[in-house]
Amino acid sequence: MLTAILEHSSLFLQQLVNGITLGSIYALIAVGYTMVYGVIQLINFAHGEIYMLGAFISFSLLTGLFGVGLPFWLAVVVAVLACALAGVLLDIVAYRPLRRAPRLAALITAIGMSIFLQNLALLIWGAQIKSFPRNLIPAFFNEPALQFGDVLVSWLQVIILLTAICLMLALQLIVHYTRIGRAMRAIAQDKTAASLMGVNVDRVVSYTFALGSGLGGAAGILVALYYNAVYPTMGYFAGIKAFAAAVLGGIGSIPGAILGGGILGLAEVFGGGYISSSYSDGIAYAVMILVILVKPQGLFGRQLRDKA
Amino acid sequence: MKRLWLMIPAVFFLVSVVQAETIKLPVASPFTGPLASFGEGVKNGALLKADEINAGGGIKGQKIEIVLGDELCDPKEAAAVATRFANDPEVAIVVGHLCSSATLAALPIYREAGLPAITPASTNPEIGKSSPYYFRNVYKDDFQGDFLARYAKKVHGFKKIAIFYEVNDYAMGLKDAFVKQAKKQGLRVIGAESYMAETADFKAQLTKFKMMRPDAIFIPGYAPQATLLISQARSLGMKCAFFGADGLDDAIMLQNPDADGLFVTTPFLVDRGGAMVKEFVERYRKKFGIEPNWFAANTYDAVGLAAAAITQAGLDREKVRAYLASISSLEKAYQGITGATYFDENGDCLKAAFVKVVKDGKWVSAEEQLQ
Amino acid sequence: MHLDDRLFSEKKFYLPLLAVVLILPWLPMGIAGPYVLRVATLTLVYMVLALGLNVVPGFTGLLDLGYVGFFGLGAYTAGLLTVQYQWSIWLVLPLAAINGALWGVLRGAPTLRLSDDYFAIVTFGFSELIILIIRNELWLTKGPMGVPGIARPDLFGRVLDQPWQTFYLILFLLLLVLWVVVRIRSSRLGRAWFAVREDEIAAECVGVNIANYKIISFALSAAIGALAGAFYARWFRFIHPDMFKFWESILILCLIVFGGMGSITGALLGALILIPLTEVLRIVLPTELSNARYLLFGLLIVCMMRWRPAGLLPVQKE
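Chains as they are written, first to last, in this note's numbering: chain A, 67 to 374; chain B, 325 to 695; chain C, 689 to 1006.
Incorrect hints may appear among the rest.
What follows is a set of in silico ranges between Cβ atoms, one per label pair, in the way DEER data are often shown [unchecked claim]:
1) Leu987/C <-> Leu228/A: 37 to 45 Å
2) Arg994/C <-> Thr244/A: 26 to 34 Å
3) Ala205/A <-> His480/B: 51 to 59 Å
4) Glu615/B <-> Cys991/C: 27 to 35 Å
5) Leu140/A <-> Trp995/C: 36 to 44 Å
6) Leu987/C <-> Thr258/A: 27 to 35 Å
7) Gln194/A <-> Cys991/C: 40 to 48 Å
Derived by calculation from the structure, the hints in this document are not laboratory data.
Beta carbons are placed, not taken as given, at the ideal position from N, Cα and C, and that holds for glycine.
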């Protein structure tokens, strides 16, 4: 009897650890969706692809696919910067010309970019799942950081959680205590008024894309390490789930995205672990639909504008 | 507007170039896409056999030309590729397809065109029953699942098995056959979890298995996911054994240090074969610079069978089919590198399964085989 | 005057189309014949799908990102009924369409109040759930085993076993769907839809019952998608969940974005150009590139939105 209880509680604890890890990854991606939506009311479908690019770029830099093999931490930093740049380019090339077009046009463009980037990655890197060579990543990643009984927390899990927390804190500081952050909030409230007050809207939107995409890229690298897998369609599924998390938390709200990511990560792990694993992907879809239908403003969000 | 309508027929008008000097032998499989590494074995095996036949003078003086049909393991693409082959009067037999779902999509098209086909890799039990024109030189799913249950019990003495299967026809056929035989063997299946081809996160379900303490986890599925699954299980601190079927027989397993000790069934073992096999492996290594996998070996034999059929029956589809159907007993069997191949009344074949293990980054034959 | 008005208000539009499609099956008499017929049949299936998808965004201004759900639903309804009861296609087609319409209404009713991008997301999630259910509920759909052995289409008890016969069947269905869509377009219903698209609030003020009209458009669109799916299942004779991936929704969306959202001629033209093009690209491009040919589709959508957001044949605003 006692062993049964112990086993159940350690199963529960281990799933909690898994869920929190997954949740912090979703949160990192969801923030990108939410920031862009907050500023220009666009569901940036291609955000998942930026996350995928983060994983692929760091993989390529590390293994020397582009001719130079960088040490691990340098490769990570360069990949995050590259993702930030990719996000800014994405905005300038695809979305900026459509600022005044109907929202549907921008949404369709975002889908087009998502398809384009995914197939581009397929063309460059091929469809096979790639793994980071073990000798090139710090060895302690897969070693246990904490262990009680059967419950095991690896260093990588600790790093993922810490990275997520630090990046989120930094983001909150930027949004609330810097000029550019204030400009972001101003644009989110009223774009026209903000630009009349002398805010350079295009520049602020570029900053938003850079921040969101950088976080997305970081999440991509962490996931690639965590699951030991990099492949072109990884952005599609993670993107959908993170988007569901953003919707759950209330799209446009950064704390909402964090909470939404956490809840979805836990729901998926416990749903997959306790109920049925065949439907664990379905949980994200169901959550997304239910929230939109029942409480479209999410947990923290503002009431949505009805029609642009 | 008028001009536009005139352009349409031009768009539809696609003509393939007619060449009569060579004998066309289509090989259909995914050569790109997520399963491209399996397709590569198919391609190499076919090219190697064709080269050897051509070097020996071809078929009655005519050279074989391998025509590759890439269908990405997608039923829709497979049907399009199949239609192209079925309506090419120069084609007398097709070697392909790889995935069972692609084969099942192409099957009605070949059946109606009266075009015989040999699949070197599709193991779905439905295939042979559904068409007199479909043959295969690979065993069926149910045979492998059944075999693995007996092997796990008799050779390794496992008592508790957990199953982690992919949601596809191949894996589920394997799983069902395994569970059935496991019951007979008194082997306890303590849990079965599923995953999709797109899944990369197996940790939640693995955590559940971890608490059940299985002796081994059976993975009916394909290598790209299985290698992730094994690594994630190890990172959770699981120490149990892993095994699977021929879908796991892929070189990517060898790059994963966590996969050490994994054993799989395979239709083809290098060190169990005779001189013929050794020669094949050497030539393959020389030509392509890599080790052959079982897809390469089976396709090599399927192309050999197709060439033998054309040699005996000419380019008449009905005669080719009749010739293949006549290979119905061990005495008449085609002797290839994967052993003797002969067909039952459905066009299925009986073949031995072998077991091999990952050891220090290499596939080695398991010490104990079971027949 | 928009092309739609010019072509569909007068009967003469049907003449060139009819001429082209009647000639098509006989054009390539050589060895490529049946293959070209297959591509032609596939093109017509996508023309039907494009017409169906066009109903929702074209007429009501909402974007449906989950059209493949209805396509799959229709295919599975038809496939399973055929395998189970050996019913004639003439019984199966309407049943599939009705089933599609039913789900169209079920999906549409709760989404009436949503703004456009949220509507898009709900349609996407809904169709992914349908496909997930098809993949996982083995007792009903056989899941990833697929459903093989579906009977060919039939007519008056005779099996249509020649490729050109199937081609004419889908041609008939296409003309039927075209007729319905054109008729509705010029009816009160069609005008109400346009009113909703142009200005929902104004339309409501002049007494258009928005909810009703929206739901009818959802039902019609879903029914057409399911009809195409039902034909597809009987033509293909094998269905599998992999045939109904999210990508298909995007492909159909691509067709109408290319042709011009809301334009009937545009939807037809989009399918007529792009679907054969995918086959041409498969043959022309080397293998590594042909696998990534969808890259061009992504680029196409982006460029269309950038430079010709209303498509090749834009619907002009009055």
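Status of the hints after comparison with the structure:
At roughly 39 Å, the beta carbons of leucine 987/C and leucine 228/A sit within the given window of 37 to 45 Å. Between arginine 994/C and threonine 244/A the CB atoms are about 33 Å apart, so this pair conforms to the stated range of 26 to 34 Å. In this structure the supplied range 51 to 59 Å is violated for alanine 205/A paired with histidine 480/B, their Cβ-Cβ distance being about 31 Å. Between glutamate 615/B and cysteine 991/C the Cβ separation comes to about 45 Å, which falls outside the hinted range of 27 to 35 Å.
One distance hint, 36 to 44 Å for the beta-carbon pair leucine 140/A and tryptophan 995/C, holds here, with the actual separation near 41 Å. Judged by the Cβ atoms, the range 27 to 35 Å given for leucine 987/C and threonine 258/A holds: they are separated by roughly 32 Å. The hinted range of 40 to 48 Å is not satisfied by glutamine 194/A and cysteine 991/C, whose Cβ atoms lie roughly 30 Å apart.
In summary, the numbered hints that this structure violates are 3, 4, 7.
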